[in-house]
Amino acid sequence: MSTTSRRAVRLLTVSAAGVLAAAALALGAGTALADDPSADPSASGSADPGASASASPGDGDAAPTEAGTNFRTATVLRQGQEATADASAGDYLYWAFAADTGQHVTVRATVTFPETAARHGASTWQLDVYDGLRRRQPCRFGAQTRTAAADATSVELVCKLRTIRSWAEPWSNDPLRGSYFLRLTVLDLPSTDLGQPVHAAVKATSDGTAGRQAVDGSVAPVVSAYTPHTAPADGWAGTWWSPRWLWTAGGGLLAALAALGGHRLARGPIRTPGRPRPGEPPREPAQYANRGMD
Amino acid sequence: MIIRKLLAAGVGSGLLAVLACGLLPASAVADDPSAPPADSAKATPKVELVLDVSGSMRAKDIDGQTRMSAAKQAFDDVLDSVPENVELGIRTLGADYPGNDRKTGCKDTRQLYPVGPLDRDEAKTAVATLAPTGWTPIGPALLKAADDLKGGDGTRRLVLITDGEDTCAPLNPCDVARDIAAKGIHLVIDTLGLVADSSTRNQLSCIAEATGGTYTAVQHRQQLTSKVKQLVGRSTDAVVAPVATQGAATCTDAPQLKTGVYTDRELFSENRWYRVDVPSGQELRASVSVSADRAVNANYGVLLRGVTTHGREIVRDDEDGTGRTDVVSAGIRYPKPHKDSDTPPETVCLQVGNSFSAGPSVKTTPGLPVELSIDLVDSPDQPSDVAFFGLGSGWWLLGTLAVSGAVLGLLAGWVSRWRLSTGRTVR
Chain A
7 MSTTSRRAVR LLTVSAAGVL AAAALALGAG TALADDPSAD PSASGSADPG
57 ASASASPGDG DAAPTEAGTN FRTATVLRQG QEATADASAG DYLYWAFAAD
107 TGQHVTVRAT VTFPETAARH GASTWQLDVY DGLRRRQPCR FGAQTRTAAA
157 DATSVELVCK LRTIRSWAEP WSNDPLRGSY FLRLTVLDLP STDLGQPVHA
207 AVKATSDGTA GRQAVDGSVA PVVSAYTPHT APADGWAGTW WSPRWLWTAG
257 GGLLAALAAL GGHRLARGPI RTPGRPRPGE PPREPAQYAN RGMD
Chain B
70 MIIRKLLAAG VGSGLLAVLA CGLLPASAVA DDPSAPPADS AKATPKVELV
120 LDVSGSMRAK DIDGQTRMSA AKQAFDDVLD SVPENVELGI RTLGADYPGN
170 DRKTGCKDTR QLYPVGPLDR DEAKTAVATL APTGWTPIGP ALLKAADDLK
220 GGDGTRRLVL ITDGEDTCAP LNPCDVARDI AAKGIHLVID TLGLVADSST
270 RNQLSCIAEA TGGTYTAVQH RQQLTSKVKQ LVGRSTDAVV APVATQGAAT
320 CTDAPQLKTG VYTDRELFSE NRWYRVDVPS GQELRASVSV SADRAVNANY
370 GVLLRGVTTH GREIVRDDED GTGRTDVVSA GIRYPKPHKD SDTPPETVCL
420 QVGNSFSAGP SVKTTPGLPV ELSIDLVDSP DQPSDVAFFG LGSGWWLLGT
470 LAVSGAVLGL LAGWVSRWRL STGRTVR
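In the order they appear, the protein sequences are chains A and B.
Per this note's numbering, residue 7 is the first one in the first sequence, and the count goes up by one each step.
Per this note's numbering, residue 70 is the first one in the second sequence, and the count goes up by one each step.
Looking at chain A on its own, in the form it has when it is part of the complex (with noise of 0.2 Å):
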């Protein structure tokens, strides 16, 4: 192997090695926010301070012990938060929390029988989860429909939404960040076990960010001015932030140095004046042999 190509050899792997240690950290990085629900977006500047600090009326840190009855009292839950509610079986529970773009939001719910209360029979229980429009949005996984047997103590219920989108068409029913509303009840019971006790338990928890399924706009977050204020913690996302920036930042590296090493693996390898190849004779420049002679 001649000289020339080993060191071409040689040039090519180290930019290779470069260009791939240049892209696993950048995708790395991408990786790790991606996948880590508590990078949040907004803590980068984009939020409203103002937005927080009136956040939602059942704020502090305290789960609501409550549940509303309708859309306009629905109680105001806070996402990881656990609602509780004690009620009649027959009731309506309701309550609100916020969810934003790029979010995978699951919802849990569980119903307990006290043991005081004596039932009759089988009873068919169901979550639903409306959107800031109060449409029903539909469940991809999880069982939001389940019949407790008489003697069971518990019922629980799940409801994964679809990744809530930061824009979509108006025509479309796709789930768009802004309130969403739970509704939990009794579908089917044994009309003598209307009106006993049962308490109810509500989670909301997501993970994801936005700009993971990036769509072309936004749309102002669907809160009516008419039910009760729900907002992230800190604010809602600005749509700006996505994964998509350091694949692409990774990629411009990546074709960069790619093109430094074409370029280099083509033209060869420079002929520097001050370093004589080994084997040649040492040559004096032109120039200095004419400086000389002047």
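These are calculated hints, taken from the structure and not from any lab test.
Ideal Cβ positions, reconstructed from N, Cα and C, are used throughout, including at glycine.
Among the clues, some could well be false.
Okay, the calculated beta carbon distance ranges per label pair [stated by the list, open to error]:
| id | chain 1 | residue 1 | chain 2 | residue 2 | range |
| --- | --- | --- | --- | --- | --- |
| 1 | A | THR118 | B | PRO414 | 47 to 53 Å |
| 2 | A | THR159 | B | ALA238 | 38 to 44 Å |
| 3 | A | ASP157 | B | ASN366 | 31 to 37 Å |
| 4 | B | GLY370 | A | ARG168 | 21 to 27 Å |
| 5 | B | ALA317 | A | THR198 | 42 to 48 Å |
| 6 | A | ALA158 | B | PRO152 | 34 to 40 Å |
| 7 | A | THR198 | B | ASN154 | 37 to 43 Å |
| 8 | A | THR159 | B | GLY380 | 29 to 35 Å |
Derived list of chain B stretches under chain A, where covered just means 3 residues or more per stretch with a C-beta under 8 Å from a C-beta of chain A [what the hints assert, rightly or not]:
| id | stretch |
| --- | --- |
| 9 | 194-204 |
| 10 | 230-243 |
| 11 | 475-484 |
With chain A held as given, fit chain B onto it using these hints.
Coordinates of chain B only, in the frame set by chain A:
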């Protein structure tokens, strides 16, 4: 070496680019949080407790006590914990007439303590005097109680505590409750049954259903106390009071609505029209909920359409359902693009329809309660999502960029080699 320096410089500038790209648009495209709602009026909530003092309240089946003494103790606890700003009144039914004349017995309802600022001791003394006596005129008591709660614009709640069904037919208390609800005074009736026989249960749950209230079967005194406290506490919930309106059969006659919450009544399978002006650059958001306040057939639906004044449909949403429900709701959005400032607002006709039905024995009037919520918000005039910036993601993007970079680099390299070999060096 040069390469290492170049690499370092490349990585550095790449990071810089990421930072610059990431940070610069942040302030530019951050979305405004939605405007906080208008403060609901600080109106005084009114609550009236309606207590059955009929002869059957003597029965000893609540934790070994008579129903009456359990109710009295519960009232004592509740009166102690009534929130400060709540105006509370107490009405009795069947407290005074012990005789057998049905006509007189069915008029036996009396306001024990008027709805107003609460004097706890006075109210407790009044409750202590009660002794189980007469009939159970629930219907007349509800009518009178609705009158007691008239006036003011706070929330109104009526808590009915009884141990038996109405003994004053043919006035069906359930129909009475529905008529009261249809008056548009937003009165919610919660019912508590002290005994769980099926006819009482049916009647009380029917009353609650007709007004959007709740029904509870009470078996223990503690349960009675905590439930009444909970219900009285609910009256202090800050809610926006809806405005009554009446939709028309066609868009041309329809009432003009602004943003707000409206209530109306709609018969089975009826369509009603409303009009809303949508200025350019704003988004119309309308939601409608139709309540099933009586026994309806198992399959039902609600339709909400936005239509131009010329009858062209802009947007629609419908929701069907089956089984037990309180409301069926639908919602639409209609963003109106930004135009010149002198563009007049567009009038959008809203059609609200329902496909509820019921058996022949169910009364169809008054119609089903309709709640229409209308918001107008600024719609973002520019898409500000990252995809819009032309960013991409994924391994294919990376590969494509790398390959195209390499091809360009190779070409540039060959060019410089050719220049070197022909002596036309850049140096």
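A quick look at each hint next to the structure:
1. A/THR118 with B/PRO414: 47 to 53 Å: Since the Cβ atoms of A/THR118 and B/PRO414 sit about 51 Å apart, the hinted range of 47 to 53 Å holds.
2. A/THR159 with B/ALA238: 38 to 44 Å: holds (41 Å)
3. A/ASP157 with B/ASN366: 31 to 37 Å: Holds, at about 32 Å.
4. B/GLY370 with A/ARG168: 21 to 27 Å: For A/ARG168 against B/GLY370, whose Cβ atoms are near 22 Å apart, the range 21 to 27 Å holds.
5. B/ALA317 with A/THR198: 42 to 48 Å: Holds, at about 45 Å.
6. A/ALA158 with B/PRO152: 34 to 40 Å: holds (37 Å)
7. A/THR198 with B/ASN154: 37 to 43 Å: Holds: the Cβ-Cβ distance is about 39 Å, inside 37 to 43 Å.
8. A/THR159 with B/GLY380: 29 to 35 Å: Given range 29 to 35 Å: violated, Cβ gap about 57 Å.
9. 194-204: violated (count 0)
10. 230-243: Violated - the stretch 230-243 of chain B has 0 residues with a Cβ nearer than 8 Å to chain A, which falls short of three.
11. 475-484: It holds, with 9 qualifying residues against the three required.
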